[in-house]
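**Student:** Between the sequences and the hints, there should be enough to build the whole structure, so can you do that?
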Amino acid sequence: DSGVTQTPKHLITATGQRVTLRCSPRSGDLSVYWYQQSLDQGLQFLIQYYNGEERAKGNILERFSAQQFPDLHSELNLSSLELGDSALYFCASSGVSGDTGELFFGEGSRLTVL
Amino acid sequence: SQQGEEDPQALSIQEGENATMNCSYKTSINNLQWYRQNSGRGLVHLILIRSNEREKHSGRLRVTLDTSKKSSSLLITASRAADTASYFCAITLTGGGNKLTFGTGTQLKVEL
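Protein chains in written order, with the numbering used here: chain A, 1 to 114; chain B, 1 to 112.
Derived by calculation from the structure, the hints in this document are not laboratory data. Any given hint might turn out to be false.
[Claimed, not checked] Reference listing, derived: stretches of chain A covered by chain B, where coverage requires no fewer than 3 residues with Cβ under 8 Å from a Cβ of chain B:
#: 1; region: 32-43
#: 2; region: 48-59
#: 3; region: 63-71
[Stated by the list, open to error] Calculated from the model, a selection of chain B residues having no Cβ within reach of chain A, i.e. all distances over 10 Å:
#: 4; residue: Arg54
#: 5; residue: Lys70
#: 6; residue: Leu75
#: 7; residue: Arg80
#: 8; residue: Val110
[Said to hold, decoys possible] DEER-style ranges, computed between Cβ atoms:
#: 9; chain 1: A; residue 1: Leu114; chain 2: B; residue 2: Lys56; range: 39 to 47 Å
#: 10; chain 1: A; residue 1: Lys57; chain 2: B; residue 2: Arg50; range: 22 to 30 Å
#: 11; chain 1: A; residue 1: Ala14; chain 2: B; residue 2: Asn18; range: 42 to 50 Å
#: 12; chain 1: B; residue 1: Thr94; chain 2: A; residue 2: Lys57; range: 29 to 37 Å
Ideal Cβ positions, reconstructed from N, Cα and C, are used throughout, including at glycine.
**Tutor:** See the structure below:
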């Protein structure tokens, strides 16, 4: 158990809809990272937050947004969903904000868009 | 692409044999990490090697890093069926901030 909790584990929705994925980092970790894993794109970095502030941005679509709250949990919002958004979405946390050390991953949220 | 490229894409060996996976990348890095993923599960960190290190060991794992060739290898000795998983290298780029860029992965199958 990595200590990172993601909900929901599975989500099935229709195109055009909006969903919110939630992540609770390990106790004491200030950094939260979001990754998307799909068969054709592999593991893609989406965004990182550190103590509530956006720290790094990757291949995150404009239809996607994220935030980190004062209690350090994070949410990833996906809107106007398309079939291609079907993927495993991982949250990871670490206690280091600078040179990236070890990341602790949650079990992921599997999103299926029909 | 700046991400790591793993080789081979898939590897099948017998229990007790050694498994070697390679990772190549294209730019300067701060560090390189290896992660393991069991099917459909979260990734688990195995080992981190910094750009000024050449070799690191952890249990049955041995990682080497050659920054001149921009490559790394992960050796799993005396493999077990429980080692069956996908293995990913991940790099932190020099000046790339905090994002960890993952490679394409090697699927390892260890047969009894």
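**Student:** The structure should be examined with respect to each hint, and the outcome stated for every one.
**Tutor:** Evaluation of the provided hints:
Residues of the region 32-43 of chain A with a Cβ under 8 Å from some Cβ of chain B number 4, which satisfies the need for three, so the listed coverage holds. Under the rule that three or more residues need a Cβ within less than 8 Å of chain B, the assignment of the region 48-59 of chain A holds, with 5 such residues. A stretch counts as covered by a chain when three or more of its residues have a beta carbon under 8 Å from one of that chain; for the region 63-71 of chain A and chain B the count is 0, and the coverage is violated. Interface exclusion of Arg54 of chain B from chain A stands, the closest Cβ pair being 18 Å apart, more than 10 Å.
With a cut of 10 Å on Cβ distances, Lys70 of chain B stays outside the contact zone with chain A, its closest approach being about 18 Å. Against chain A, the non-interface label of Leu75 of chain B holds: every CB pair exceeds 10 Å, the least being about 20 Å. The claim that Arg80 of chain B lies off the interface holds: its Cβ sits roughly 21 Å from the closest Cβ of chain A, which is beyond the 10 Å cut-off. Once the 10 Å rule is applied to beta carbons, Val110 of chain B is consistent with being away from chain A; the minimum gap is 22 Å.
At about 45 Å, the CB distance of Leu114 of chain A to Lys56 of chain B agrees with the hint of 39 to 47 Å. For the pair Lys57 of chain A and Arg50 of chain B, the supplied restraint of 22 to 30 Å holds, since their beta-carbon distance comes to about 25 Å. Remark: the range hint 42 to 50 Å for Ala14 of chain A to Asn18 of chain B is upheld by a beta-carbon distance near 48 Å. A C-beta distance of roughly 18 Å is found between Thr94 of chain B and Lys57 of chain A, which places it outside the suggested range of 29 to 37 Å.
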